[in-house]
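Q: Knowing the structure of chain A, use the given hints to seat chain B on it.
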Amino acid sequence: MWSYLRENRRKLVDRTAAGVISLGGYSVIGIIALIFIFLFGQILPLFLPADEDALAEYSAPAPTAERVLLDEYGQTGLWLDAGGALREFSGESGELLETFPLLGTAP
Amino acid sequence: MLVQIGYSVSYGDDGSRAVRARLEYPLGEEPLRWAGLAGPIEALSVLQTEERLTLAAAAGDAVQVRFYARPSGFAFVDADWQERGKLNIPLEAAPDLDGSSRRMMIGGNRQRFLFVQADARSLAVYDLAADARLHALTQVAGEGASITALERLSGGTSLLIGTSEGALSQWFTNVDAAETFVRAREFDPLEGGPVRGIVPEQGRRGFIAFTDADWGIYHSTAGRRVLHLEDAGIAAAAINSRSDRLLLNTASGVRYYGIENEHPDVSWTLMWGQVWYEGYAEPSYQWQSSSASSDYEPKLSLVPLSLGTLKATFYAMLFAIPLGLAGAVYTAVFMAPEMRRMIKPTVELMAALPTVILGFLGGLMLAPFIEAHLPGLALFLVLFPLFVVLVSLLWQWLPGPAGSWAQRGWTALILLPLPVLIGWGCIALSPGLETRFFGGDAPAWITANLGISFDQRNALVVGVAMGFAVVPTIFSIAEDALFGVPKQLISGSLALGASMWHTTMHVVLPTASPGIFSALMIGMGRAVGETMIVLMATGNTPLLNFNMFEGMRTLSANIAVEMPEAEVASTHYRVLFLCALVLFVFTFILNTTAEAVRQRLRERYGSL
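Residue numbers (my numbering), protein chains in the order written: chain A, 615 to 721; chain B, -19 to 588.
Derived by calculation from the structure, the hints in this document are not laboratory data.
Be careful, since some hints might not be right.
[Stated by the list, open to error] Chain A side only, calculated, beta carbon under 7 Å to chain B, not exhaustive: (1) Glu621; (2) Ile645; (3) Pro659; (4) Val682.
[To be verified] Computed footprint of chain B on chain A, listed as stretches where at least three residues anywhere in the stretch have a Cβ under 8 Å from a Cβ of chain B: (5) 626 to 639; (6) 652 to 658.
[Said to hold, decoys possible] Okay, the calculated bits of chain B under chain A, using three or more residues with CB under 8 Å as the criterion: (7) -1 to 9; (8) 119 to 125; (9) 218 to 230; (10) 408 to 422; (11) 507 to 520; (12) 559 to 569.
For clarity, every value in this text was computed on a predicted model and none was experimentally measured.
Heads up, the beta-carbon is just placed ideally off N, CA and C, and yes, glycines get one too.
With the rest of the complex left out, here is chain A (with noise of 0.2 Å):
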């Protein structure tokens, strides 16, 4: 009767015990998966393609461009015409904000 009992027991032990280090073994596993995936996120923002999204589209703020500025948040345009006059304008939307005539002449 004991000797049945123990031997149960024994029996348990050695199962759980075979459990344990078995989920211990699985663990590592996904664990070491989980660390490649991990890196594997991090890095693959460096190999995705550019991508571009056409935002708005207007009519030009003048006729002709020397050269043609955004600002650091690219909202506001600065748009150099041949004539000399310096135009800001929203990047957004287009509208005329201010012109500066750098030659002198007003436009």
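A: Okay, now just chain B, sitting in the frame of chain A:
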């Protein structure tokens, strides 16, 4: 008159942002007069840094260059520019430019060069630091083509040249090399006629180029086109300094684009191929990711790092395999059991040494010691094996108690003074040898006579220091495997008349080979991933050689050194993660191969 654009940013109550331009006149609001130039001004160029401003104007048969300077620093915010000098450079009066006007650009490191179009295909380069001497006159466009666009790349060192055939190339001046103005690379050409314009990005080496019908975003160091689109009648383009908004003036109006282009500066060739960096004499593999200057071109080749990892591993294994394996064989097979009980835990205790301490000892004590006693060390490497042979010959003739000690496996203890004595003798002889044969300075002698440069922190030091970290691992696992060989096999072999040595070589070693192999592979895995020792004892110079007297930078040390300073989500940061992935793949391949080999060995010898 020089107009500079300043921007004032204001935020509304609702968090909206308003950006307005403001005109500034760094050289005064009065128009600049160019005395000495005749006729209308054909080309203007300006280049400005904190302290220097160079202005050039071309008209008729001359260029006038004006130099300005201002004090910079904390106490001189927006100090006025002071004119520092003027130069007049004569030009050919009316060159054949294929109908376009003359192009001109100031560029080069520290605004040193002036590039002026000499004819339709050639650029003349004047060295402004040497009284405008003609530095080079180089044909930059192919036969039948002409220059249609000339622009400076961010940083000012490189020039981008577009031609009437849509070709795009990058050029820079080389002060040291024989060729003085070189084409570093050619980009994918654009369709649709001549290149109309090139717009450089700010803060990185990218640019936009367009023809009438075709445009693309490029990156110079990576040498690739990241975006390529078609449109009609493109006349002008602009990009903001964050490189995420682009404006294109086309025949059908202005197009305003949002651009998603976070990492144009990475390509396969950049990481694994030779790249011609600005100012270098030729294409090369370089790792130099950052610098104090924002004009800097990041160099992100993984080749020197991977090679450094292999180099460190190689030298560490060169030190650790003979010591660890021979030690394991002796301890398991020949040594007296009482002695083995002391030796094994002691060696295993070495594995508990923190690598910081090993690195510290290696870098701060071993490295200067090796540098000071190089001839003695070389002498030791030659003398020691000779002495081993000599002593074993003598041993055979030694009668009596020594012989019986040897049979009981206490030889090691008796022989211990031998390497100590030889080592001490060699070190004592070292200064004399150095004066006698190496002119008093062995490192200098090596550099002068063998053509190998010598660094104090070199692969030899790392080999020894990292070898110390790897030896316990190899020793412990290999010893267990050897000791676990069934005793009946050994007894059987001895009973058949084989000597102990023969038995060891032909019975014990093959039977234990799967275990020995795993010992080597685990040791090697440790050496590949080891960070602290190589970080402290190698000097961390990303070199591309296998010289044992020079340092290296390994992938792991590189991550440790640079990760704390890399901007999160920047290219540099992600490339460091790529280093980690490469390391991961390295060890993964190594371990998988090792496991496969071990399985085969086990199948072969497991039945014994």
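Q: Would you mind marking each hint as holding or not holding in the structure?
A: Each hint, compared with the structure:
Using the Cβ-Cβ criterion of 7 Å, the hint placing glutamate 621 of chain A at the interface with chain B is not satisfied: the shortest such distance is roughly 31 Å. Nearest Cβ of chain B to the Cβ of isoleucine 645 of chain A: about 13 Å, over the 7 Å cut. The hint is violated. For proline 659 of chain A, the suggested interface contact is upheld, since its CB lies about 6 Å from the closest CB of chain B, less than 7 Å. Evaluation of the valine 682 of chain A hint against chain B yields a held restraint, the C-beta minimum of about 4 Å falling below 7 Å.
Against chain B, the stretch 626 to 639 of chain A contributes 0 residues with a C-beta closer than 8 Å to a partner C-beta. That does not satisfy the three-residue criterion, and the hint is violated. Check result for the stretch 652 to 658 of chain A against chain B: holds, 4 residues qualifying (beta carbon to beta carbon below 8 Å, three or more required). Only residues whose C-beta sits within less than 8 Å of a C-beta in chain A count toward coverage, and the stretch -1 to 9 of chain B has 4 of them, enough to reach three; the restraint holds. Check result for the stretch 119 to 125 of chain B against chain A: violated, 0 residues qualifying (beta carbon to beta carbon below 8 Å, three or more required).
Counting residues of the stretch 218 to 230 of chain B whose CB lies closer than 8 Å to any CB of chain A gives 10, which reaches the minimum of 3, so the coverage claim holds. Look at the stretch 408 to 422 of chain B against chain A: 0 of its residues bring a Cβ nearer than 8 Å to a Cβ of that chain, fewer than three, so the hint is violated. A stretch counts as covered by a chain when three or more of its residues have a beta carbon under 8 Å from one of that chain; for the stretch 507 to 520 of chain B and chain A the count is 0, and the coverage is violated. Coverage of the stretch 559 to 569 of chain B by chain A holds in this model, with 3 residues showing a Cβ closer than 8 Å to a Cβ of that chain against a need of three.
When held up to the earlier numbered hints, the structure conflicts with 1, 2, 5, 8, 10 and 11 and fits the remainder.
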